[in-house]
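With the working numbering applied, the sequence shown corresponds to residues 12 to 167, in that order.
It is worth saying that the hints were derived from the structure and are not from the lab. Every value quoted in this text rests on a predicted model; they were computed, and no experiment measured them. Be careful, since some hints might not be right.
What the hints assert, rightly or not - Pair by pair, the computed Cβ-Cβ distance ranges are: (1) ALA103 / ASP64: 15 to 25 Å; (2) ASP88 / ILE54: 27 to 37 Å; (3) TRP74 / ASP22: 13 to 23 Å; (4) PRO30 / GLU89: 28 to 38 Å; (5) PRO67 / ASP22: 13 to 23 Å; (6) LYS75 / ALA111: 28 to 38 Å; (7) GLY129 / THR17: 30 to 40 Å; (8) THR19 / ALA92: 12 to 22 Å.
No residue lacks a Cβ here, since even glycine has one placed at the ideal position from N, Cα and C.
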Amino acid sequence: MPHAATVTTVDEYIGGFPPEVAARLEEVRQLIRSVVPAVRETISYKMPTFTLDGRPLVHMAGWKNHIGLYPLPPMDDELAAAVAPYRSAKNAMNLPHAVALPRELLARVIGVLVERQGTSERGPRGTSPTRAITTILSRGCRSGVPTPRLRTDADG
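From just these sequences and the hints, can you work out the full model?
Pasting the structure below:
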């Protein structure tokens, strides 16, 4: 793990980990960026912090056995049940290195964080977070299990 006191960029932070952990951190980073194209990156609380509209959206930390995401938003019962196996505390999500990243679930959680922040920020070419999440979900789960369709405001 990098010496947190000397890290000033997300690239430096990720680069301080063994290659297999760095690759997972980068995968989570790219997923966040694909869901929220307008996101900015900084180091806060000695870990990568993704901000939107100048406010923290989510923090990411690398650990020996997992990646942590903080904080988790309040969720509906269905999403809370899906997140439950990854929950390590009331407001934290642990993504074990020994398990494939739940990309679709992460996209949904990030989408809820954006909604809770109350932003209508759009990314390049007018991509909204909801559209980016829908794109990720439409690719389907790599395990072969069908991915539930994301409910949108148009569904009523």
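Hint by hint, here is what the structure shows:
1. ALA103 / ASP64: 15 to 25 Å: Once the Cβ atoms are compared, 23 Å apart, the range 15 to 25 Å for ASP64 and ALA103 holds.
2. ASP88 / ILE54: 27 to 37 Å: holds, 35 Å
3. TRP74 / ASP22: 13 to 23 Å: holds, 19 Å
4. PRO30 / GLU89: 28 to 38 Å: Given about 36 Å between the Cβ atoms, the range holds.
5. PRO67 / ASP22: 13 to 23 Å: holds, 19 Å
6. LYS75 / ALA111: 28 to 38 Å: Roughly 18 Å apart at Cβ, these two residues miss the hinted range, so it is violated.
7. GLY129 / THR17: 30 to 40 Å: holds, 35 Å
8. THR19 / ALA92: 12 to 22 Å: violated, 39 Å
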